Each structure stands twice: as C-alpha cells, then as structure tokens.
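**Q** Single-letter residue listing:
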Amino acid sequence: MSLSSIVSKTIVGGSSAPDMRLGQCPKGWRGTVCGLTPVAGLSIPWLEMERRLLEMGFVEGARLEILHDGPIMRDPIAVRVDDITIAVRRADANTILVRPLE
Amino acid sequence: MSSATMTVPGFALVGCPNCGKTALFNALTGHHQKVANYPGVTVERKEGAMTTPGGTTVRLLDLPGTYSLRGRSPDEAVTRDVVLGRLDGEPLPDAVICVADATNLRLVLRLIMELKALNRPLILALNMVDIAKRQGCEIDVDRLAQELGIPVIPTVAVRRGGVASLFSAIDSLAARTAEGPTGPIRWREPNSTEIRAAHKEAERILKACAFRPGDQKLTGRLDRVLLHPVFGLLILLAVLFLMFQAVFAWATPVMDGIKAAFDLLSGQIQTMMPDGLLRSLLTDGVLAGVGSVVQFLPQILIMFLFIILLEDFGYMARAAFLMDRLMGGAGLHGRAFIPLLSSFACAIPGIMSARVIENRRDRLATILVAPLMTCSARIPVYTLIISAFVPRTEVAGVLSLQGLVLFGLYAAGILSALAVAWVMKRLVWREVAEPFLMEMPAYKVPSFKNVALGLWQRASVFLQRAGTIILAIMVLIWFLSSFPGAPDGATDAAINYSIAGIVGHWIQPILAPIGFNWQIAVALIPGMAAREVAVGALGTVYALSATGDEVGAALQPILAAQWSLPTALALLAWYIFAPQCASTLAVVKRETNSWRWPAILFLYMITLAYLAAFVTFQLAQWVMA
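Sequence lines, in order, name chains A and B. Start counting the first sequence at 3; every next residue gets the next number (this note's numbering). Start counting the second sequence at 3; every next residue gets the next number (this note's numbering).
If you're looking for bench data, these hints aren't it; they were derived computationally from the structure. A hint or two may mislead.
Straight-line Cα separation of at most 30 Å, DSS-like style, residue types lysine-lysine; simulated pairs [to be verified]: (1) B:591 with B:48; (2) B:451 with B:202; (3) B:591 with B:261; (4) A:29 with B:202; (5) A:29 with B:219; (6) B:446 with A:29.
Sample of chain A residues facing chain B (criterion: CB under 8 Å; computed from the structure) [claimed, not checked]: (7) 21; (8) 22; (9) 45; (10) 54; (11) 61; (12) 65; (13) 67; (14) 68; (15) 70; (16) 72; (17) 78; (18) 87; (19) 88; (20) 90; (21) 104.
Predicted, not measured: the structure shown is a model, and the values here were computed from it. A virtual CB, placed ideally from N, CA and C, is assigned to each residue, including glycine.
If we strip away everything but chain B, and leave its shape as in the complex, we get:
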C-alpha cells in the first residue's frame, strides 16, 4: 500500500541537553537510524523509523537539545525551525515528544510551555525515572500531567522494556494526529518578562507536584576531586594522556595489520595481473586510496570511544570548565581542547570530534586550526630531513639537538594554531568569546548500547562519506602521476613525464624563492594524497627502487649530498603548515557541508607554508653567507 508509506506520521523528539533524549531515540528506533546533515548547516540530522507493538509506524526525528525555542546556536535554530515547519524540505512534525530528565525538571518545564504554543499533539516522556527513584527524587506524575495539560509517561530508556508505556502513548498520539492539527502555531520569541513569568509558573508546578530534586551527593563528591584546581587538572592531563596514548599506541597494531592486508592484496594483484594500466590503477590508485582511508578507522574508533564515554559520563562539561580560561585566550571555547589534542594523532578524528562544540564559529575556528597540530603523518617527513641534516650532537650535555628541533616543530604547530584561531575569532569575525554558560550534568554510567551505536554510526559515516571523496581524490592523483607514460628510451623516473611531473617542473620557479628544487616540486604533487606519501614520492623522483621504510634510509645520504641546509630547513618549515592531506580536506568538506571551508583551509595553510619556508630559506642563506 503505497499511500500508507506516504502518510507515515513524523514525530519530533525535543528536550534539554543531557536529558537522555538520544538514549530514548536509540531505544525506540534501535539501529534503524539514518544519520546525515541538514542541508547547508553543520548540524547532524538523525531520523529513525519505528513500529509500536500496537502496529503504529512513525518516523522519529531526534532534534538537537535546547533549553528554549529561541535558537541561540545553529543546532538550536534547527530545532526551532523544524518544530515551526520553517526548514526547507522538512515537513512540520505531526506531533512532538518532549523528553525530560526526571531528576532535573526545572528548566524543561519552561521549554514545555513554549512547545505547547505550537498547538501540536504533545506528550512528555519523563526519562531516567530509575535514577530518580534511586536518588530519592520525587514527583507526582498524575498531578504533573494535570498541571501541564499533556500526557506524562515515565520511561527508562536504557532498560529493556523501559519504554513499553511510551509505545501505547505513541499509538494514541498517532490516532490524534490523524484528526488533523489542533490549531495555528502561536509561538513567538519570549522576552525577558515572559521568561521570568514562565519560571514562576514552573516553580508553582514543581511545588504543586511535590517535586523533590534528587540527591546529588555522588556528583558533588566526584566534582570535588575532578574539578579541584590541582588534582582536577592532573586528572584531566592523565585522561588526555591515556587517550593520546591509546590513539597512538593501541591503534598502531591494527593499522599495521590493515596496511599489511592491503599490501598483501596489492601484491596478489601484482603477481596475478600483467603489468599495465589497469594493474596500476587497482594497486596504486584504488587499493592505495581505500587502504589509506580504512587505515584511519582504528584511530577514529578509539578516539570516539573515549569521546562518547567521556560525554555520556558527563566529564566533557568538566574538561571544558577546566580548560575554558586557557582556550579563551585564543578566542576558543573550552570544548575546543579535546579536538585540538586529538589532532596530534591525526587531524581527521580531531576535526570530527569538533562536533562537541556548539557554537558554529567556535567549531569552524577549531576545524580550521586542527590541521596545524603536528599529526603523526608528518613524523616520517620530519625524521627523514632531521636525520639527514641536523647533526647528532647534544645541547647543554643532555638534550639531543635532533630532539630539540622536533620539539620546536611541535611547538611551532601549537603556537600557530592558537595564533590563527585568535586571528579568525578576533580579527576576521571580530568576536569576543561567546558567553560560557553551560549546565554541568550529574554523572551517569554510560550505557553499552548507546556507546556501541554511537561508534557504529561514526564508523559508517566516515567510511561512506569521507571514503568516497578520498577515493576519488586518490584516483585523480594516481592519474596525474601516471599519465602520460614515459616515452621509449626514457632515462628519468616515469613520474617526470607525467602531468604531475610537468606541473612540478612548471611550478618550480614559484618554489625557487623558498629553496625547493624540481625534485621537491614534483614530489609535492603525489604528496597531496597524504603528507607521508611525499617521502615515497621523493624516492620515486630520485629514481630509487626501494619501497616503504627503506626509502627513507636510502634517501637520507642522497638528500644530505644534494640539498643545501637552507632548503632542508625550508622544507621543515613548509611541513608545519603544509595543507597536503586530501583526507583532511575531504573530512572538512564533510563536516562543514561545503567546499568553502576546505578551500579556505587549503589557501591559508599553503600561504603560511610558503611564507614560513620563504622566511626560513632566506634567513638561513643570509646567516650562512
């Protein structure tokens, strides 16, 4: 019956942040969820289909958490626009299910008053009643329903069967929506007098329902340690260190395994297929491309495991509290700390985790500076050049000069990230830091199901969306580096005759002022795939037959003999800022839903890279002359 699918009613889930709305959404829809972005905005859209035991099928839309319909952030504006039917391509919801944390009712009552002005069928799912009972929190549910004039259904989203009563409420809600709308939308933005009045009314309702807030002793006790000016910071550092360590160390064996599997597959193809274009496309283009994407997956999963656990536990708000003053100096929000730190491993999970920042410009600034943090892909390039050019001497008897240079490169990355953020926020957008006004939720034990679902969603979104773009770019770069092929009797490496080689020779005069020779210029083009690929590409250009890690060792004496020290230093300076990572650009495109931000990212980074290399090269030449 096709008309039935056309008329599946759409219900919207609305609630304050931290009310367990997503857990309820997960409990109702299971894994039947579609995660995408709203067109034109960096806000995640989550929709799921569900059928109640009573046979009602509805589409559920999980809207971003909000304290009011005024739409203070882009996320909250989506919630407002959807429930008002103002968002293009998004039908007006047939009914609204408001979700509330039973232990924390005060602020949601005001939201319910705003939602009632929508004149849509409305019910209140009183979530986490199990925790409320345990904390000695009390509320007269029948009286609450009577005072609010809407059905109130107690639920426990994280327990099996905890939403049974909500199913029958959804059945009757669907029956009501079939009767048509109850009246015109009367909502308008409340002014401060109306908000004050609504609070008075909420206070009266809470009193009438004999509301007793839950006991917060455990949260208070934990906070005394976790927010302690000294121990709190030490614990935060320990958590971050563990996270950093996990992403770096735990992911490596899996990543090596994935890489080995792809190498094996590539080797199989090489032995089974005759040498030719198709073989090259499959091994150097498709497999190398897919492999480089899938390789990131372990890091991303570990990163998000930590982030989801910390978020669900309630620690993320505490980390932001501890770091706010430090990040605020650069014009960033306290929450920007986690994405920036994880970018030391790889900018991709870092950029994806910038979702924890609510304010759009704070999020954009964080995304734009995340690639300046020294990621692990720069390490092969840094070690190659440092070991070829920096003498193995010691400074002050204990510190290795090579180590100091590496540390200096990391420090330059951090400082430039903070500086760029400051310029973006204070000079370009002329913004003073957004007010930091954040509820500190009570600590909760994360539920296994929600964590697993969250991880699964991150993984599939990453593989589907970023994977397609990255793969396309990899194939393009393979094409540029392979066509046209070397002529008969060619003496140089084949890449010199390809489009990449031609472009490399063509741009070499532009790179001459920063001390790059044509070999570097040519290597920069396949190096676009990922920064560490530049090492392999240099090997190709210098016509080395070695592969993998051997390239670095074989290349080192050649570079030491052929490059001048200013050239080497200029290349190091270039790589602090170098935008050469197609995957990062693809993820920025995915996260911001537009090509504008990856374009800005690429342009500003390449400009800084050029300037830094220019200054380094000229200065080094002048000093050495």
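Isolated chain A (complex conformation):
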C-alpha cells in the first residue's frame, strides 16, 4: 500500500485543501489536527506511537500552534495543543496530518 493511499484513507472531512505534516511547518504556524498516519523510520511500532500522540492530546480537531523550535536544525518543536504545550521531534511530528487555520 502506498503512503498516499494510507494518507487519503485517514483524512477525515472533505476539505479540498491539501493536508500538511506538522513536522514540516514553521514556527508560528497555526492549524488543526486532521489525522494521524505512519511514516517510515519510527522508533516504536506505529500503534504504540499513535496511542502516545493521542494521549498527549494530538487528536483530530485539536488546535495547534508551533511556539518554539530547537536550536539545531530547528528540531524539536514545542507545540501548543489546545491548552497544553508539548515538545516533539519533527520526525515524529510528521505522522500528524494538519490543516492550517482558515
């Protein structure tokens, strides 16, 4: 199964705007979570990773804002998720599909 087919399956809602990955967004970016999807090179099994992200509040519909990025390669990032701040590496944040705030 190709990555794009997984992506299209997990996307909820029917907006025509193409989805982005949180790991690729710059500091100051605002938006919402629209899905979680595996990427290659994760250090733990996807089902575990997905649950950890969910437990930290990265659920579909959560409001996001990238508040800070790290000093080396702009990694990791500190993300406001609803009303808490979570630090996450960009590689792991690439599993989070997002849509910018309209």
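Go by the hints and put chain B onto chain A.
**A** Then chain B, alone, in the frame of chain A:
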C-alpha cells in the same frame, strides 16, 4: 491494638507528571516518609503514614506520574501494576486519590476515566487552585464532580491549611473502603479508538464545566527567552556553568572542612591508641572509609539543590528541549545532559541525577557512561604524571603543552562517553532514540518545603545505602593492604608483603604489555578505594614517609627518573577509563538495584582502560624507538 495496625488502609496517589502530586504527598505526610526502591526495578518507592484530624490513619503511596495506565516506561508500569494489584509484595490499594493540576485538566480527565475502571473508591484532588485563580482559570467544581461521578476536592498543597478539606474527604474515603471493594477490576489497555472517544468525552466535560484554561502569558514570555535558539542556549550554558562552579568551588571549603575534621579525629586516635591493628583499622579503614563517603555529601547536596530547583521551576523540560538534538546523535535522551555534565565534578551525583531520565535504557546508558567524564578525583593523578613527564613548553607561543595534554584527556573522556553510549544504544540494544514526547509544564515558583524535603531525602538515602556498601569495601581494601604484615627485618614497604602486594606482583605480568611496573600494579589495588588514593598508594610503594599533598611533590622526581615516557602516557590513558572507584560502583549498584550493572560497568571500563593503555604504550615505544 495490633489488629488496627494490620488493617491500616493503603491509599495510592496517582496523577499526571507536574501536577504537584509530590507536593501534596509532602503536605499530607510531612517528613514521615520512607524512600526505597521497588524490588528489581530502578523506580523509587515513596510511602508515608498520615493521620487526619478526624483520627483516620492511612498509608499513602506516591506513585510515579503518568498520563495513562498503559505503562509506557518502567515508572509508569509500576503505577499500573500497583493500582491493578499486580506487583509482588504490594497490596492492592484500598482507594485511589487522583491529583490534578487545576490549570491543566485536559489530559488528566482521560486518566480518571481509566482509574474509574479499577472499581476502587476514587476521589480527585484538584490541586493548585490558588494558581488557577490567579491565572483567571475557571472550572465549575460541583459540575465536574457530577460529570465524573466522584468527589472533587480543591487543594493548595504548598499552603498551610490548603489540604484541610482533603482530610475530611480521606475520612469518608476510609469509611467507604471498610465496606469492602465495589466490584471487580474492569480496566484493560485502551486502543486508539477508545483513546479518541475518551478525548471527546473529556472535551464535553470541560465544556459542561465551563472550563477556561489559565493565562499562560508569563510562561510564554519566559519561554521566548529561555527557548530562544541563541539566548536560550547561552542561558543554559550559564546555568550549567554556575552549577558546575558551585559543585566545584562552593563545595570545596566544606569538603576540606570535613576532611580536616576526619584527619583531626584520626590524629587523635593515633595519639591516644597504641600502634596496632585496631588503630590501623579505625584510622585507615573505618575513618578513611566513612570520611571519603561523607566528603561527597556537600557536592551531592549542591548538585541536587540545583536539580530540584530547576525541576520544580519547570526548567528541566526546557534544558532537555534545547539539548535533545545534540544528545540524540549519541542515542541519548535530551535529559541525559545534566547527569553527564555533573559527572565532571563527581560521577556519584551525576549517576544519582540520572533519575530525571524516564526511559530505563536511556537511564542505564547514561549511568554507564557517566564515569567516563573526567571527574575531579582524576585531577591529582593527571597533574602528578603530567608535571613529571610533560615538558613545560608552549605550543604556538601561547598554549601550554601541559594544559593541552590535560584538555586532551578531558576531550578523550567526553568522546569515549558519547561513543560508548552510541554503541550501547544502537549496537547492543539496537534501539532508535525513544520518541521525545514531553509536556512543557508552566513555570512555577519552587516551594521551600519541597526543596528542603527533597534534599533531606537525597542526603539520607545516600548516607544510609551507599555509605554502608562503601564502608564495607573500604574496610575490605584496608584488610587486603594490611594483611599479612611485614616480616621481621623487612626492607620494603609493608604493603609489598600484604595480599594487595602479592596480588600486585602476581598481576604484574598481565600489566607488562601496557608498560606498568610492579609498583604501579601494587598501587592500583588500594587505588580501588578512589582514584586519587592511587597517588598516596604510589607513595607508600616507593616507601615515602610523606603524607597528603606532599606525596605528589616528593614523588614527581622519583617517577620522572624511574618510569619511561611510554609508561607514563599509558598510565594517563589507563586513567581516562579506569574503573577504580568503589564509591561509583556502589552508587551504580544502589541506583540500578542490582550487581549486574556495576559488574558490566567495571568490566567494560577495565577492558577499555587496558586497550587504551596498551595502544598508547606500544605506539609510544614504537615512535621513540
């Protein structure tokens, strides 16, 4: 009434990280706390007894903070196993008190839903309501209790009287537990669909209770500076420098004072008691052993003062954020930075502070490489050999060659620590770095009481547990270096005739390929007590009557005359890796709760030391030939 003590109910404190759970635990139990480890795991177990004004006595168990009962780290697995009654020797708690930060309710609501499935009496202590009020954070407490179906009690753990209402809640909770369990445990690991559903439910409850999150302006403003790519790193370096400086400089006068006191006591015994075995045991074994342990205490207290303050303030998460990418290259977690840095002063506080790392293997890797950072005890050995063998010339007109060699030794320590961590994490455990998924808590002013209690606990744990092991090893080494005594008419130093001397002569052929003579071999054995003791031991072997700092000065010309340059360089290389520090091994045993890790530490370090000395010695001989 003995049956009453048998039936003291046990309550478990559960909550997310940074919810002020430990502060609440401190407020409820005061200093009636027992800190130990859970059997078989490197997780701290904190229990305390408390009696409410209403006369209810309960045992409180402070469980590691967690966002779910799934047990993702060993700490979280302990929380899960205790509340499920799965941990050997740990009775199922009679009731659960969930602690929540009133300003940060979203994630804890999901945890409460999991806790309700335990079917135990459950209450929610809504902590830090004072901060919530100040931040303009709002929540309808009665509605929250109604929605969750459990009592909700607002508390302020850090204020006197702030837990009064919790006492009466504990009274009624104890009355409920006397009626017996409410039903079977229905908890099972939630899947992703259930977690999503729980979040929806949490969102609904927050809306229903008119929850308004607190104003985070101050935290945001501080973070803009403290997490700034340039200023943030500079501030981190300044904080670390201050910490390093404090451990090195502020501790020294106190350490010298402690050392002087022990020397005075030892001198008193020497004048009061006749020369003999008992006197030698007391002064060279017990006093020297206890003294070397107590001497570390100022460094450990200063180190932990910084660590507890930074942790309570909320800065530790920021330091990990700034350093994660750098440490990640070696397969280590961002949090490993603080323990490794403090190991430059002494590996003991460094290893103890590795507790800030949650993942077990990250913590073990950090503990195993911490002794490779050049600690202050190596400095006497380094300076002795460098001043005897490295000429006082200057390189490129400005840099002293002696200083460069010392710098090279420090750099070799750092690089080998990163390399060993990389090998452990990537090759032995074949692990990619754990996901770095960490909540950045709002900044808080540390409370004096919590800091003082934390320091007191660290100090007593160190003195009781590590102290007994270190003392035993010191007495053993004294025994090895003193028995059997020198025969009548002996010409060499007494140590040559002891077991240490015999073993030293016996292992000398093994050490010949790395250029060590029998004097070095013999000195290595009492040097096991601590690295700097090797200097004094060399003095003993070369039959010097000088003591203390004079040994180094008197020894320098002798070594320069008797050792070849390759031997000296090989000894320097040996000391980059030398595992000779009984105290470090004892603390690793304490922190990992098993002899396996100190054994692995000792074996890998002695192997590296031998290889490094071998390569250095052979290379130097070849170059000089």
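**Q** Less than 8 Å between beta-carbons is the criterion; does residue 72 of chain A satisfy it with respect to chain B?
**A** Hint holds; residue 72 of chain A Cβ to chain B Cβ min 6 Å, cut 8 Å.
**Q** Regarding the hint that residue 78 of chain A lies at the interface with chain B, is the smallest CB-CB distance below 8 Å?
**A** holds (6 Å)
**Q** Does the interface hint hold: is residue 70 of chain A within less than 8 Å of chain B, judged Cβ to Cβ?
**A** Hint on residue 70 of chain A: holds, closest Cβ of chain B at ~4 Å, below 8 Å.
**Q** If you draw a straight line from the CA of residue 29 of chain A to the CA of residue 202 of chain B, is it 30 Å or shorter?
**A** holds (28 Å)
**Q** If you draw a straight line from the CA of residue 29 of chain A to the CA of residue 219 of chain B, is it 30 Å or shorter?
**A** Roughly 18 Å separates the two Cα atoms, so the pair holds.
**Q** Given residue 65 of chain A as an interface hint, is its Cβ closer than 8 Å to any Cβ of chain B?
**A** Not OK, violated: residue 65 of chain A not within 8 Å of chain B, min 11 Å.
**Q** For residue 446 of chain B and residue 29 of chain A, compute the direct alpha-carbon distance and say whether it is at most 30 Å.
**A** holds (25 Å)
**Q** Minimum Cβ distance from residue 61 of chain A to chain B below 8 Å?
**A** This hint holds: residue 61 of chain A lies near chain B, its Cβ roughly 4 Å from the closest one there, short of 8 Å.
**Q** Would the hint on residue 88 of chain A stand, with a C-beta cut-off of 8 Å toward chain B?
**A** holds (6 Å)
**Q** With a cut-off of 30 Å on the C-alpha distance, tell me whether residue 591 of chain B and residue 48 of chain B pass.
**A** holds (19 Å)
**Q** Hint check: is the beta carbon of residue 104 of chain A less than 8 Å from a beta carbon of chain B?
**A** Violated: closest Cβ of chain B sits about 21 Å from residue 104 of chain A, beyond 8 Å.
**Q** Can residue 67 of chain A be said to touch chain B, with a Cβ gap under 8 Å?
**A** Not OK, violated: residue 67 of chain A not within 8 Å of chain B, min 11 Å.
In this structure, the hints that do not hold are numbers 2, 7, 8, 12, 13, 14, 21, in rising order.
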